[in-house]
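A.B. asks: The residues making up each chain are set out below.
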Amino acid sequence: MSFNAVTSSFKVARRRKSPLAETLQIGALAGLAAIGFALIGAYVAMDKRHVVEDTLTLSQIAYALMAIAAGFVAGRDTQGRPSGSRIVLHGALTGLVAGLCVSALMLLMASVSLRSTLVAASPMLTKALSLGAPIGSLQALAQVPILGALLGMIGGVFAAMPSRYRRALTCGFAIVLIAGLFRDVFVSVLDNVPDFNGPEAEVFGSGGLNRVPALVLLVAGGIFALLRDRWNAGHNPARRARSSKAGLVLLLVGVLILPLVTNDFVAQVAMLVALYMLMGMGLNIELGLAGLVDLGFVAFFAVGAYTVALMCSSGPLALVDVSFWVALPVAVVLAAGAGMLFGLPVLRVRGDYLAMATLGLGEIIRVLVLSDALAPYLGGSQGIIEIDHPRIFGVSLQSPAALYYLALALAGVVAFISWRLQHARIGRAWLAMREDEDVAQALGIDPVASKLLAYTIGAAFAGAAGAVFAALVGSVYPHSFQLLVSINVLAILVIGGLGSLPGVLVGAIVLIGLPELLREFGEFRYLFYGIALVAMMHMRAEGLWPATTRTKENARA
Amino acid sequence: MLDALPKNLLPKSPARAPLLEVRGLKKAFGGMIAIQNVDLSIAEGSVHAIIGPNGAGKTTAFNCITAFVPPTAGTIFLGGARIDGLPAHVVARHGVARTYQNVRLFPNMTALENVLVGQHRRLHTTFWEAIIGSGRFRREEAEARERAREYLAFVGIAQRAGDLARNMPYGDQRRLEIARALVAGPRILMLDEPAAGMNPAEGRALVELIERIRAELGVTVVLIEHHMRVVMAVAERITVFNRGAVLTEGPPAEIQSDERVIEAYLGRRSGHVATPVVESEPHRPMEARIA
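Chains A and B, in that order, give the protein sequences.
So for the first sequence, numbering that gives the first Met the number 0 puts the first residue at 0; every next one is plus one.
So for the second sequence, numbering that gives the first Met the number 0 puts the first residue at 0; every next one is plus one.
These are calculated hints, taken from the structure and not from any lab test.
The structure displayed is predicted, hence computed values, not measured ones.
Glycine is no exception: its CB is placed at the ideal position from the N, C-alpha and C atoms.
Check the hints yourself; a few may be wrong.
Said to hold, decoys possible - The following residues of chain B were derived to be distant from chain A, with all beta-carbon distances above 10 Å:
(1) P168
(2) R179
(3) S256
As the list claims (entries may be wrong) - If you anchor each label on the Cβ, the simulated ranges turn out as follows:
(4) A/D437 x B/E142: 41 to 51 Å
(5) A/M355 x B/G23: 34 to 44 Å
(6) B/P168 x A/H422: 21 to 31 Å
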């Protein structure tokens, strides 16, 4: 993520200048990024995470990526000029400058105490940045720029090498990074494999990969990428499409068996991802198809959750105590009704004003459930507890895995409905409204009615997600329904690709799943959201898995 | 081709009942009066042109009739039913279709999808039928696609069905816009400068297309146009706008020799000269227009 952010900020800064000035500027920018990274406390926090046991920590990798990225950009910019050594030289220079910036920070921290204003500028940071050398020593100060220069040089070489090898290296590195970061997931999977005692102890250390397996993975990833390139180059596009389809099937199989092969924690995270997927699909109808910017999405989520809470709880506030399967449709209908009720006044406004109006709506619901006036019915800040777990054929769905499948099944149903509507009269009307509301109206599309339908369906899906949420957590509190939920769902859509159903899956995994699994990111979660969103807008505005750009082939159907 | 369509070939005779009847139309934007006392009578099955210098209020009149903007005063009747004061989508359902001066397609949809959206009011399957995928839904979808292809072929861009609208050449975009308007089965088609940015050959093709719209589909056509060649070739009657009011109306030959029309375009003999045939906007790429 930091790699993307750094390269994109360079794009903004790049102008026509002398190559040397440009190189120095890129280095300084990388240095500033590195200083910022340290001073917000991210460096120390991520230093605790070992990707390669006792060798490389996550924050060291982040720094290395910054230097390599700087070298890469500098090298790329000098390309077109003949000399290869020059590319390497410029790369090294950027890395050196970036490293000097970090050394300057260390020097400053050694001489002045910054802690009163910058809490993160702690002795721990100095120690971590010294990489084991005596604190404040010449070695500690000199090694960072030297390392930076080396890494920058690698970045330069990276820019100069044929893209085939570049892809191979990236692939190998990504595999090592994923294996190291998600050690816990892989260990839990290996644990579940019967009669396969303790290979994880050899592959993984207590925090990350061991050195030899890391090297093996790096090489294996590289070879894999090279072979794949060869395969793709040697065959026709149809076969290439088939191999990418195979990838999709593999992903789906992984999604299906995931909670069976890992531990409860991973299943719980997967359940959260599935829940956000469900909400994402609801908002996708509103925003992705009909173009309605809805910041009050959480309101309908709350309606669904409270409906199930009031209908399925054995606590004192329950109105009735019925099965979840009775409460679920009621929750969906009530959420849809609430959507229609609020939609009528709100949907007459356009664009940014709609965002404001719905934002207010989300807050109204939260304040209402929190209020003293409704506390006798909704429990106020105490919430509603002791919600029964759903039962199916007499079996209580209690384990995270079971609830994951419940959420996943609902997400599947919702995905199917979205997909069907998208290719029908109403879906086309939504798309048309998003593109040009006036023209759509002149073609006979009633704008308020079709917007209201999109809003109501979105609300119904949110209500379904809320119902599942209440059932799986077993309790509802007002603080679960904050604005941030709406923003998370919105971010999922933007990252995944507006209007794209697989995009919702990818977005939910990236924005909900990864931060849950990487606890170190916890504090910096929203920082990375921000960086990721800005970087996405710069480099891939259409999302990670964009809606299909329809071509002649598709139109044949 | 176009088997599903009525082929009421109408004779090109002047004595027909008015389809569109506009009386005393006025539109003021704040204190600025764009049009005033506009009377229009469009005969059913005719091709009627509206001309006039830039800023004369032609497009404003169009916008009032199609309920793009609400008129300040005046009445509008379509086939005897009053349509002023109705929202735009209801006016569209009465059988009014239009195109725009700056082509306004749905740029990120394919040509076929644009035409499918145009069929909105012809399709009837409900939301539930679409989810279940009922037989009626599938039949109607198949018919809609078939009809969309017929209309793309009618305007001569069948081979572009799968192209994104924004990637199409300008002339084809104009044709697609006409197909999208026609596919709804309107009674009256209002074209706002359809020949803008076209070369003479394309202009001749447009004249032919308009003739076919009237003759084969039986749709009444009103067009705003600056290209006099096109207007004279296609229009049965011409209404001239000047300074927000109707200057005169009559058959092409009469208009061509009318002193007041020449004066409106050229100014008085002592005044400075303006070009009589105002070349409208040059070709601009789609991106610039949707920005």
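A.B. asks: Report the numbers of all earlier hints that the structure fails to satisfy, in ascending order.
C.D. replies: Of the numbered hints, 2 and 4 do not hold.
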